[in-house]
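Participant: Listed below, chain by chain, are the residues.
Number of protein chains: 4
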Amino acid sequence: MGLKEACGIVGIASDTDVSYEIFTALRALQHRGQESAGISVFTESSGIVTLKGMGLVTEAFSEEDLSEIKGNTGIGHVRYSTAGESSIKNAQPIEMHIVSGMIALAHNGELVNAESLRNYYKEKGWAFFTTSDSEVIIRLLSKELHDGRDEVTAIKDVMRSINGSYALVILINGRLYAARDPMGIKPLALGRKGDTWMVASESVAFDALGLELVRDVQPGEIIELKNGSVVSHRTEVPEKSAHCFFEWVYFARSDSILDNVLVYDVRKRIGEFLAHEAPVDADIVVPVPDSGRAHAIGFSEASGIRYAEGLMKNRYVDRTFIMPDQKMREYNVSVKLNPIRSMIEGKRVVLVDDSIVRGTTMKKIVSMLKEAGASEVHVRIGCPPIVAPCYLGIDMKTRAQLIASDRSVDEIREHIGADSLAYISIEGLVKAIGKDRNELCMGCITGEYPVKIEGERLRGQSTLEEYLHF
Amino acid sequence: MGLKEACGIVGIASDTDVSYEIFTALRALQHRGQESAGISVFTESSGIVTLKGMGLVTEAFSEEDLSEIKGNTGIGHVRYSTAGESSIKNAQPIEMHIVSGMIALAHNGELVNAESLRNYYKEKGWAFFTTSDSEVIIRLLSKELHDGRDEVTAIKDVMRSINGSYALVILINGRLYAARDPMGIKPLALGRKGDTWMVASESVAFDALGLELVRDVQPGEIIELKNGSVVSHRTEVPEKSAHCFFEWVYFARSDSILDNVLVYDVRKRIGEFLAHEAPVDADIVVPVPDSGRAHAIGFSEASGIRYAEGLMKNRYVDRTFIMPDQKMREYNVSVKLNPIRSMIEGKRVVLVDDSIVRGTTMKKIVSMLKEAGASEVHVRIGCPPIVAPCYLGIDMKTRAQLIASDRSVDEIREHIGADSLAYISIEGLVKAIGKDRNELCMGCITGEYPVKIEGERLRGQSTLEEYLHF
Amino acid sequence: MGLKEACGIVGIASDTDVSYEIFTALRALQHRGQESAGISVFTESSGIVTLKGMGLVTEAFSEEDLSEIKGNTGIGHVRYSTAGESSIKNAQPIEMHIVSGMIALAHNGELVNAESLRNYYKEKGWAFFTTSDSEVIIRLLSKELHDGRDEVTAIKDVMRSINGSYALVILINGRLYAARDPMGIKPLALGRKGDTWMVASESVAFDALGLELVRDVQPGEIIELKNGSVVSHRTEVPEKSAHCFFEWVYFARSDSILDNVLVYDVRKRIGEFLAHEAPVDADIVVPVPDSGRAHAIGFSEASGIRYAEGLMKNRYVDRTFIMPDQKMREYNVSVKLNPIRSMIEGKRVVLVDDSIVRGTTMKKIVSMLKEAGASEVHVRIGCPPIVAPCYLGIDMKTRAQLIASDRSVDEIREHIGADSLAYISIEGLVKAIGKDRNELCMGCITGEYPVKIEGERLRGQSTLEEYLHF
Amino acid sequence: MGLKEACGIVGIASDTDVSYEIFTALRALQHRGQESAGISVFTESSGIVTLKGMGLVTEAFSEEDLSEIKGNTGIGHVRYSTAGESSIKNAQPIEMHIVSGMIALAHNGELVNAESLRNYYKEKGWAFFTTSDSEVIIRLLSKELHDGRDEVTAIKDVMRSINGSYALVILINGRLYAARDPMGIKPLALGRKGDTWMVASESVAFDALGLELVRDVQPGEIIELKNGSVVSHRTEVPEKSAHCFFEWVYFARSDSILDNVLVYDVRKRIGEFLAHEAPVDADIVVPVPDSGRAHAIGFSEASGIRYAEGLMKNRYVDRTFIMPDQKMREYNVSVKLNPIRSMIEGKRVVLVDDSIVRGTTMKKIVSMLKEAGASEVHVRIGCPPIVAPCYLGIDMKTRAQLIASDRSVDEIREHIGADSLAYISIEGLVKAIGKDRNELCMGCITGEYPVKIEGERLRGQSTLEEYLHF
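Residue numbers (the working numbering), protein chains in the order written: chain W, 607 to 1076; chain G, 607 to 1076; chain B, 607 to 1076; chain C, 607 to 1076.
Since no wrong hints were added, every one of them can be taken at face value.
Copies of the same chain look alike in the list, so a pair counts if it fits in one copy or across any two.
Here are the simulated EDC-like cross-link-like pairs (lysine to aspartate or glutamate), alpha carbons at most 20 Å apart as the crow flies:
#1 Lys-919 / Glu-951
#2 Lys-1003 / Glu-716
#3 Lys-676 / Asp-623
#4 Lys-695 / Glu-665
#5 Lys-976 / Glu-818
#6 Lys-730 / Asp-753
#7 Lys-942 / Glu-818
#8 Lys-695 / Glu-674
#9 Lys-799 / Glu-936
#10 Lys-970 / Glu-818
#11 Lys-976 / Asp-889
#12 Lys-832 / Asp-621
#13 Lys-799 / Glu-977
#14 Lys-942 / Asp-896
#15 Lys-1041 / Glu-878
#16 Lys-919 / Asp-896
#17 Lys-728 / Asp-753
#18 Lys-695 / Asp-671
#19 Lys-695 / Glu-716
#20 Lys-942 / Glu-669
#21 Lys-976 / Asp-1016
#22 Lys-728 / Glu-757
#23 Lys-976 / Glu-951
#24 Lys-730 / Glu-757
It is worth saying that the hints were derived from the structure and are not from the lab.
Please construct the entire structure, taking both the sequences and the accompanying hints into account.
Facilitator: Laid out in C-alpha cells, this is it:
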C-alpha cells in the first residue's frame, strides 16, 4: 500500500467507432493511473488522431472530443503520476510520422536497457524528443519498418532489442498490434464480443464493455487484432516466464483475472495462508481498506476469527490537498482513515494489509488502533518483505526507501509499534498465486531478477535458502 | 441506495484559529453533501466573514482562503446536490446584518411550515432573498433578537415557530449556538478536546480532529459553545423523539455514533436479523458495495453463509460523466459495478443492500449477477419497504418515485428479477437500532409522521397491524 | 486615468427572447465594469430567473446559459472591481421574493444615505443580507409595494427616501421600469427599434443592437418599458440637475451620447480649449492612449501643433499579472506603454491626458518621454485638479489619495517632472460640455456637492472665485 | 486587417536569471501570437528546462513557474493560432536530446522545402514526431552536430539545406545562437544593456526591458550571444534581401524599428503617399482602429483633410465568443466597431486601413458608415492588392481567399460598396519603406517570390509592367 500505481493500456478493433469503448475501458483501468489519459484512433480522413489530457479519464476528455474522433481501430493509455514531473508531455500514446504513414504506441512497463539503447542510437546520430522508454520503442519500430521488415517482423525485432517489462499496443496506420514481453512481466489480456477484438491490461476492461475474456496474451506473443479475427505471432521466448507477483498482491483490481488467476482469489488465499503460517489468538480481523480487504476475509475464514470493518475509509479523499503545516498534515491522515472505537476497544486486533513499503502509513494505523483502545495489534502482511528495488515498472527505485531492506522483521515490528508482525512467506505467496515460482518475477522480495541488471543477481543464481534469511 | 445525501454542519469554539478545523471537519462530513461548502468565522477585524464554493470541500476552498480568515469561533456546511438547481446561491452558511451586528446560520433539515411562515411574513411585508428554509429561520431569529429577546430566548422562540427537522449552528457575532429540533430528527453531536468545543452532524468529524464525542445534542436542546465551556438550554419538548431511522440505515458513515448508537452495529444487526427473519439456503452473501457491506457481514455471521465481495466497485466513478446515448449510459453502469464471475458462477447468492427506493439499480445488479452465472439471487434489504414520501429532509418527495408505494413485495421481486426478496421488518429495524419505535421517525416506511403534515397521518394514529399490510 | 470604472446597466422589453440582446448590450458596456456580470429575465415558467458570473460578460455566461433563459423582458448589469472584495456575492441584479411575486433590480450609483437608511430600518427590525446600496433600494421598494402602493408610486416613494446617485432598472414580475436620480447624476438613455424598447447606461448599447437613441431618461423620471410602448412618470425634481462631468471626461465611451452631448466632442473641445487656455510652443502633441486621444486631437487642431501617436499601448496587458519584486513591477509599466524614440527625441512634447488622480502614472510617463529624448514635456490635462472626494459613485473616497488635494499646480508639475503643467479650467470644462455649470456635479473639482454631505459644502454655497484658488 | 498574426521569438544571455526577462519580452511581442507561449532556460542542475502553456503569456505561466526555472541563458516563443489545430503540441520551443546534450529551438517563419526535406529524411529512415517545420530544422541541426560539425558550422549547414523564411533562436546546452534567413524575410533584432545581450523579433521587446537596440541581425547572419559579448558569423548570402513588407504594413507594432525603419513612419508615409496618389475631396479622414491609425494620420496631414476617430473599437472583444445564429454573429461585428454618427453624418469620409484580404470586414465597415449617414465613403488602403498566396509565413495560402486575386479594383470597390477605392501603388509602398524594391519580399502583391516555388514565378523574372495589370 502506498505505491504509485502502474499504467493501463487498451487496444480495440471493431466495425464501428471505438472512441467511446476506449474511453470506457480506460475508466475501468483508471486505478492503474490517474495522472493523464490518451486515446489514438485511426480515422479515414486524417490518419491517426491522438487526444491527450491531464487527470482522470472523465476529466481528460469531453464528450465532444470523443464524438469527433471517428474510427474503427484505436488504442488508449492511462498514466500514473510521479511527483514533480506531472506533465502533458509524458502522456501517451506517443505518435511518429514515417515514410509509410503514422504509428502510435502506448506502453506499460519499464525497459532496463532504454538508456543504453538511447545512448547507442544517439551515438549513431539519433535525436530524441523525450527521455521516455516509449520513445525508444517507437523509434526502434520505425527503424525496423523503414528497413523493410513487414510489420510483425519489425515488432519481433524490436522485442529482441529491448529488455525489460512491457505490454504494448501499437497502431501502424489502421492496423492494430498488441505485444507482451517475453517473460510476461506486465499483464495483457485478450477479449472479444462478436467481431470486436480487444486487448487490455486487465480483464475488467472487458467486463465494463460486455466482452468475454478469451485468454491472456502470452509472454512474447504478438497479436494482430482485426475486426473479425486475430492473428497470433510468437517470438522465441525463454523457457520461464516472470509475471510480476505484485499485480495480484496490489496493483490489479480484485475482479481482474490475470494469467488465468482471479486476483481476489489470490488475495483471499494469501490471507488464509497467513492465518496458518502466522496464527494468533485474537478477537477480530480488520482490513486496511480497500487494499487489505480480500486478504483479511481469507484470514478470517481460515482462522475463525471474526471479520470486522473496524477502519473506515473516507471515500472523498483520494485527491490530494496540500496542508500547510504539520498539524494539518496529521489531520490529512485522520480524515482519510478512522478506527471505530467501539469495535476496537479492548480487542486483540489482527490488522491485515497487502504490503509494507516505507512503513510510515502502517505505523500511523497501528497507532490509531492503539489510541482507539486495541489491547493488541497483530499485523499480517500479504506480501513478503520488500528488500530490493524494482527495475521493471514499480516506483520503488532505491533500497533506502524500503523499510525491509536493512531491518529484520522484528525491527520493523518495533518500528510500527505492533505486538506481532508476520509477512506471508515466499512459498505461501507462490502457492496462493498458483504458479510455479519460476513463472514469477519476485525481484523486489528476493533480490534476484529475471533479467540481467547491473549490480543485481539474476534469478536462478541463488538457492531458496538464501531468501529465508531476509 | 441511490438517494441524494443529506447536508452536514459543524460549529466550533476554540482559543486558536478554527478555519482549518472547520475545513477538516467538513471533509469528514463530505459524504453528506458534495455540491457546495461554506465556512463562516467570526473575525476581530471584520465581524463574521463567510466563504463559499462549489464542489468538494477541497475544491471549494484554497489553502490561501483558509489562511486568510482568522478567528476562534466559526461554523461550516456541506450541501448535497439536487438536479437542476446546483448553484452557489444555495450554498450555506447564510448571513444577515442586523442592528446588533451579524448572524450566520447553517441548517441541516427541512421545515414543513417554511412555506406558510414565508407567506405569513410576506403578507406582513417581508421580502425574502431566497426560497430556502434557512432564510426563514435566520429571519425569524433576526426578528426575535430585534424584539429584545436575549439570544437563547430568541432561538427558543424561533424553535417554537418552526416545525420540521433541523440541526442548526448559529453565529451571533462572536457567540456560537447549536440547536436540534424537538424530536431530534436530524443528528447533532457534541465533542471536546481541552477547551475546544465542537458540534457536528456526525461524530466522525471529531475523530478526524482528535476530539472526544461527549454526547449528542438532545432533542430540543440549545447549546452555547464557548472556548472552555458549554451551556445547555432546554426547550420544552414532546415526550417522544423521532430520530430519522434512515441515518443509521444509509446516510451516516458506518463509523459514526448517532444518539449513542454506532451506525456500523445497527447495519450489522439488521443483517443478522434479516438472516433470521428471511433465511435462505445459499452459497455466498454478497454486499452491494459500499452501502450494503456491514449489513452483509451481519447476514453472513448470523446465517453461517460465506461472505464474499463478489461485486467490485470502481472507486473512480463517483463523479458523473453524462454519456450521450443509451449504449453509453449502460457502459456507465457496468463501469461502476462489476460482478466477479468465478465467485458468482453456479452459486446461490444472497445479495444484500441497505434499501430500495426506485428499484432501477437493484434490477440491474440482479441482472448482472444472473449474467455472471448466479444460479439464484436472493435479495435482502436492510430497510422496510419505502411506501411514503419524506417531508423532513430526504429527497423522496412523491409516491410515484417509490417502487414500494403501490407494489407488493412479490411484485417488486418480479420487477427486479430476484428469486426471492425480503425486507427487514419494522420490528427488526427498530430492534437493530435499539431505540423504542416511538423514538424514531419512520414516516417513509409507515406513512405516519411525527409532525402534522397535510394529507398524511400523524404518528400514533394507527396501529402496528396497519403497517404490516404494506 | 487610473480610476476604477463605474457600473453599467441595461433593461429591455421586446416581443421575443431578450437574453442575447442583454448579453450584447452588456458587452457594449463592458468598459464600465469587468468584475462580474448578471442577467435577470422574466420567464413564463419560473418567474424571474437570474444568472450571474465573474469576469467579462463572455466569461460570465456560456452560450448554453443564455439559450436556457427565455423571456421577453429582462435587465442586466456589469460591475467594476474594487480591490479585495471581488466576489460573486456583490454581483447584480439582486432578487427579492415578496407577497406579490418577485422583484429584480440593478443599480449604477451610490447613495449618500444608505447607511442611515439601513440603520433606521435595522432599528425597526429589518435584517439585511448585504451591506450594498442596492439591497437598501430593493428592500424599500418591497416595503412600498407591500404597503399597497401601485408600482410607479412605490418607485416614486423610494426615490423620495434615497439620496445620492442612481440609475436603476427594475423588474417587478414581468414589468420593467427604469429610473434616474432627480439630479441625473448617473447616465441612462432610452432606445428603440420597432416595438422593442430599451434603457442603457450609454447609447453605445443601442448602437450594438441596431436600436435608435430616442432620448435620455430625464432626471427624476421613471419609465415603464413595454413591448410596443413606454410610459413616463415624473417625480418632482430639483430645478437643477447635476450630471457627473466625469462621464464625459473619462468613464463613458467616446462614441456614447450622454444627455444629448457626444462624449468625443466634449473631449476634443476640451483639447481645443486647453490649447487656448494654456498655449505652448512645441513640436508634437502626444496623447496618453487610449484615454487622452480625443483631447489630444483637439489640442492639435486648435494649436496647429502636429498630432503624433508617440506612445504605444500594448493592447494585451489589460489583465493584471502580479509581479513579485520591484524590478518586475517596473517591467509591468514599460510593457504596457512604450514611447517611440524617433518621434520623441529632441522634440518639445505636449502630453495630453484626461485627468490626474494620484499622479503616479503621469510621473512615469513624463519620465519615459524624457528618457526617450524629449527636450521638453508639457502636460495638459482635460479635467481640472481633483481636490475633493466623490461620494456619488467614483472610487475616490479620501483626499489623501488625490495629489491635487493639498498641492498647487506647480508642486504637482514638479512632482511629475514636467516642464509645464496645465489643467483645463472649470469654465473651459463647463463650456466644453455645453451645459450650464449648475447642471453638473463637480464635487470632486470644487468641493461643493449637489446633495448634502456631512462635512462638505453644498453646491451654491460658495462663489466661483473660491474655486480659482485651487 | 484580419490576418492571423506571426510568431514572436526571443533569446537572451545574461549574468542573472532570465526567466522574467523572457516572460516580459514575450508580453511585448504578444501581438505576434496569442495561442501559446513557451520558455526554455538552461539550468545548471537539469540542463535545458522548457515550460509551455496555452493562451496569453500571462495565462501560460504562473509566477511560480517562472521563479522555478533559474538560468542565465534562455529562449522564448509566442505562437499564433490557426483554426482547428490549437493545441499544446504545436507550442514551441521544441527540445531534442542528442549525444552531446540538449538542444532547444524556437522558430518564426515557414520553410518552402520542409515537406521535401521531411520526405527525404523519412526515406532515409527518420521518424518525425510532428509535421512542423521547426522539427525539420532541429533534426537537421542534430544531425550536423552529430556529424562532428562545430556548432556554428552546423547551423550554417542547416541554413544551406532549408529554404524559406526563418528567424531562429537556438540553445545548444548553455550556448545561445540566433540566425536569420539569408534574405532576411522575417525580422530579428539585437539588443543590449551592459553585459546582457538579447535578440527578439521586434525591438519593442528591448524597450520593455530597458535594452538598447544595437542593430538588426543581418540576412544570413548567425550570432552567438554570450553574457558580455556577441560573435557574428556570416553565411554566404544572396546579393539581395527580401524583407517581408507586410511586417511594416500590418504585423509589427508601430513602435518597432525593423531593419532600421520605424514601423510608424512607414505607415504614416504610406498614408501621405496615398493622399498624393489617390486624392479625394472629402470632409474627414477616419482610420479603421487600431490597424489604420498611422496611415490615416499621414493621409490627413498630407491632404489637409481633418483627422477624426469616427469608428470606435470596443477593447474588450479581442477574445472570441461564438454566437449561435446569424443575428447573433451580426451583433458580434457591431459590438466590436461602432461609428460615431454625429461625426459621420452628412460627411464625405476617407476611410483608411492597412490592407484588404478577403474584403468581408471592409464591406461591413463601409456599410456601417453609410448607415451612420456618410454621404460618401472613399476607401484608401495602405497595401497594394493582394493577388497571390504567401508561402513564407503569412496565413494566406490560396488565391480563393484573396478578393483581389481575380477582381479588378473597381469590382472590389463595388463589392465593398465604396464610392471610391484606391490602394497604395507598389512604388509608393516601396518608397514609404525606404528600401530598394529588390530588398523586399512582395510575393503576395506581385506574384513573384524571392525563393523558388513550384508553379510560381521567381522574383526578377517579370517586369514591372506585368504587375500593373492586376
